[in-house]
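Student: This is what each chain is made of:
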Amino acid sequence: MQQGYMNDIEKQTFQDEILLSKLREILLKEDRAALHTVQEVLDDPEKLSNRISPIIEHRLDILKQNFPEEYERIVTGIIEKKIKDSQDDLLDVIYPVLGKMIRKYVNQQFQVLKDNIDGRIANTFSSKSIIGRLRALVFGVRDSELLLSNLDSAVIEEVYVIERDSGILMGSYSRNSTIDKEVIAGMLTAIKSFVEDAFQREREDLELIQYGTYKILIQNFHTYYIAIALGGTLSSSEKAKLSTLILDFAEKELKLGKKHHEGYLDYEISEKLQTYFTAKLST
Amino acid sequence: MISKKVILTGSFGVGKTSLFNQFIYSRFSDKYLTTIGVKVNKKVISIEGKELSILLWDIAGEVSQDKVPVSYFLGASGIIYVFDLTRPTTFKNIETDLDYLKGLLPNSSVKIVGNKKDLLSEEEIEEVLKTIGNKCHITTSAKTGENVNELFLELGKELL
Numbered sequence: 001m002q003q004g005y006m007n008d009i010e011k012q013t014f015q016d017e018i019l020l021s022k023l024r025e026i027l028l029k030e031d032r033a034a035l036h037t038v039q040e041v042l043d044d045p046e047k048l049s050n051r052i053s054p055i056i057e058h059r060l061d062i063l064k065q066n067f068p069e070e071y072e073r074i075v076t077g078i079i080e081k082k083i084k085d086s087q088d089d090l091l092d093v094i095y096p097v098l099g100k101m102i103r104k105y106v107n108q109q110f111q112v113l114k115d116n117i118d119g120r121i122a123n124t125f126s127s128k129s130i131i132g133r134l135r136a137l138v139f140g141v142r143d144s145e146l147l148l149s150n151l152d153s154a155v156i157e158e159v160y161v162i163e164r165d166s167g168i169l170m171g172s173y174s175r176n177s178t179i180d181k182e183v184i185a186g187m188l189t190a191i192k193s194f195v196e197d198a199f200q201r202e203r204e205d206l207e208l209i210q211y212g213t214y215k216i217l218i219q220n221f222h223t224y225y226i227a228i229a230l231g232g233t234l235s236s237s238e239k240a241k242l243s244t245l246i247l248d249f250a251e252k253e254l255k256l257g258k259k260h261h262e263g264y265l266d267y268e269i270s271e272k273l274q275t276y277f278t279a280k281l282s283t
Numbered sequence: 001m002i003s004k005k006v007i008l009t010g011s012f013g014v015g016k017t018s019l020f021n022q023f024i025y026s027r028f029s030d031k032y033l034t035t036i037g038v039k040v041n042k043k044v045i046s047i048e049g050k051e052l053s054i055l056l057w058d059i060a061g062e063v064s065q066d067k068v069p070v071s072y073f074l075g076a077s078g079i080i081y082v083f084d085l086t087r088p089t090t091f092k093n094i095e096t097d098l099d100y101l102k103g104l105l106p107n108s109s110v111k112i113v114g115n116k117k118d119l120l121s122e123e124e125i126e127e128v129l130k131t132i133g134n135k136c137h138i139t140t141s142a143k144t145g146e147n148v149n150e151l152f153l154e155l156g157k158e159l160l
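Residue numbers (the working numbering), protein chains in the order written: chain A, 1 to 283; chain B, 1 to 160.
Please keep in mind that the hints were generated in silico from the structure rather than gathered at the bench.
One or more of the hints may lead you astray.
[What the hints assert, rightly or not] Calculated lysine-lysine pairs in the DSS-like style (CA-CA distance at most 27 Å, straight line):
id	chain 1	residue 1	chain 2	residue 2
1	A	Lys-181	B	Lys-50
2	A	Lys-181	B	Lys-39
3	B	Lys-102	A	Lys-84
4	A	Lys-241	A	Lys-181
[What the hints assert, rightly or not] Stretches of chain B that chain A covers, calculated by requiring three or more beta carbons in the stretch to come under 8 Å of a beta carbon on chain A:
id	region
5	46-60
6	71-83
[Claimed, not checked] Derived Cβ-Cβ restraints for the label pairs, each shown as a range:
id	chain 1	residue 1	chain 2	residue 2	range
7	A	Ile-79	B	Lys-135	38 to 48 Å
8	B	Ile-45	A	Lys-241	36 to 46 Å
9	B	Thr-86	A	Ala-240	51 to 61 Å
10	B	Ile-24	A	Val-155	27 to 37 Å
11	B	Ser-26	A	Lys-241	44 to 54 Å
12	B	Gly-103	A	Thr-178	32 to 42 Å
A quick note: this is a predicted structure, and the numbers were derived from the prediction, not measured.
Quick reminder that beta carbons are idealized off the backbone N, C-alpha and C, glycines included.
Okay, chain B solo, but in the shape it has when bound (with noise of 0.2 Å):
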């Protein structure tokens, strides 16, 4: 089997830890706990026949390099970046922010992700991407759990 780390970053409060809680246990909570620096779990996956352990560290707030030790980024071979697609300040750094994680991980795969979709109408959400010039890849909901699977597989795919 093959094993993978992937990281989950981006603003604080976007829904990271919730994705990882969906993902991994498949259950979602309405209290906020910040995450404090970082949390690791994995889930094994199958993709095409193939398993792919998914090593998933949920990195706590920020991107820049002054608040997240540089290492907890080392290594990775699959980066989400996650936004809230109801907070703007949470998707005004994407362009910065991704440049600085591609510069310390050119090789790896990335998917930008809009995350609590289900606080917002189809309008809305095609409004809130319009603004970011179309770079999301896939719209989600940590809560109700959709396209949170689809995420996960995509980025598998790449990975393998």
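Chain A extracted, bound-state conformation (with noise of 0.2 Å):
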């Protein structure tokens, strides 16, 4: 009906968009169909991800074989700068796990002595060593022990834990009450420092203070120390033994953070250092 009005222009124009939509149609099936496939594809997550996963696996492995030239730089960069930010944080990790490495060192080579000392004892005849060994046998264990036994077993009195520059008190624990906590651990900082300074060992510190039967053993650590004070007679086996203690105490219980250098006494320290020494001690 519509043709009917048109003039010839128009009619000519009509066929002729007839012709290039059958020619569009034509000419464009196989993208369509392709379209359509893509389509397909998107919309299915599986088919996404069966198609996906093979490329992001190559070019993981790419990055797995370059990673090192392309990110070792900027990684040791990230790592070393770290590092440096945290080196107080991570040498109070280290220090108890080294000192404790050295310590079995130091015990077995120790055990080595003890164990030539019983082989001297064993072969000589003296009366002592034949009483010795006499009661030894009666008693089942070695003359060294036997002797060790014989002395007053050291008993722990206080335990202090302390920022090694300011002498601030950082956690304590004591067996009876005494004068005040943070003044002692201000004052003893201050004799460690001095002895320290005045003979200029080089990397050397402070580790006994003996005044009669009385000791306060020192464990350095890198921000800060642990004072043992002891009454009774403390053998060199009982001190390497009181010394891993310290460090177990320290690695296992002692996770200092920031605020511990910025002058808080952490109670929490305190309990910890009362448990575990007294459940030490009472085994």
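Mind assembling these two chains? They're in different frames, but the hints should get you there.
Tutor: Okay, structure coming up:
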């Protein structure tokens, strides 16, 4: 009906459009089919995954192979910066572990020495040694241990965890109430500083203060130190055991954060000291 | 509670131990006993509802490196540098001494204190303060106790 009103030019245009549309359909048929297939893949997660996964895996393989060359500098830079920024924290963690390793080695050597002494005692024909050996035989223990057992065993009176430079007390445990613990921590640090500075022995720290049978055993760490006041006689093996105990405590229980270096007295450390040392001493 | 190490330093005989005793025990003695090494004590003060434990190190004699172990200064959050208002020799090295201390403790709070104010008139004190370029933060008298607590309160506020 509409065509009836069209002039010749309009009719021609109309026919051209129909022809163009048909041509478009013929030419784009394959493209449309391909587009449909792509659309189907995109809409189906499983199909999409099957297509993409091999590509990602391939890229990852390339990344793995080239990672050292491409990222080594960046990663090394980040790690170096991180280590530099948290040097104190890092050393606090490493110190007890290193200390334990050294202590273990020293203990082994000590054991070798002790065995040698036992060997020599066993070969000595003195009346003392015969009696000693008889006693050892009766009690079923080594001579040296028998000798040590005759001495008064050491008793831990007080334990302090003290910030190394400032002498500020971070935590403490005491069997009996003494004078102000913060003042003790400060004075102890002053004495320690004086000895270490006065004799200027590089990389050496004060480790023992002794008066009569009373001793203060000091275990040094990077940013803090632990001082243990003891009464009674402390044999070398007991001292070694105690040092191991302190290193063990530092490794397991002392997770020091920034606040400890800002002067906060940590009641949690004091509680841990009490629990740890009371338990260890009763065994 | 938070604890802070504060060091009392300055030339010998300026009244560091007297300030220490006045602050810790509220007492003064005319007897002069030179401090051997270092003396440590503490006092808890309350600042705006917060408690601060001041661990005070009274360091003997001089400031210089060869006379006092460096480690006495380490870890201090506050420095009280004391000089004697009546003895010019005790404030002639302020600049050098403070440069040395600030080098060791760059983040610490510093108070420069002119002690023995009870021995001078207000005009004389003004004269002394002018000669040191008004660097002095506070003038005190360990003998009468004047401004002693104020000094520690002011420092305490900066430490919290």
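Student: Does each hint hold? Answer for all of them.
Tutor: Hints, verified against the model:
no.	hint	result
1	A/Lys-181 <-> B/Lys-50	21 Å, holds
2	A/Lys-181 <-> B/Lys-39	15 Å, holds
3	B/Lys-102 <-> A/Lys-84	23 Å, holds
4	A/Lys-241 <-> A/Lys-181	25 Å, holds
5	46-60	holds (count 3)
6	71-83	holds (count 6)
7	A/Ile-79 <-> B/Lys-135: 38 to 48 Å	45 Å, holds
8	B/Ile-45 <-> A/Lys-241: 36 to 46 Å	43 Å, holds
9	B/Thr-86 <-> A/Ala-240: 51 to 61 Å	58 Å, holds
10	B/Ile-24 <-> A/Val-155: 27 to 37 Å	32 Å, holds
11	B/Ser-26 <-> A/Lys-241: 44 to 54 Å	47 Å, holds
12	B/Gly-103 <-> A/Thr-178: 32 to 42 Å	37 Å, holds
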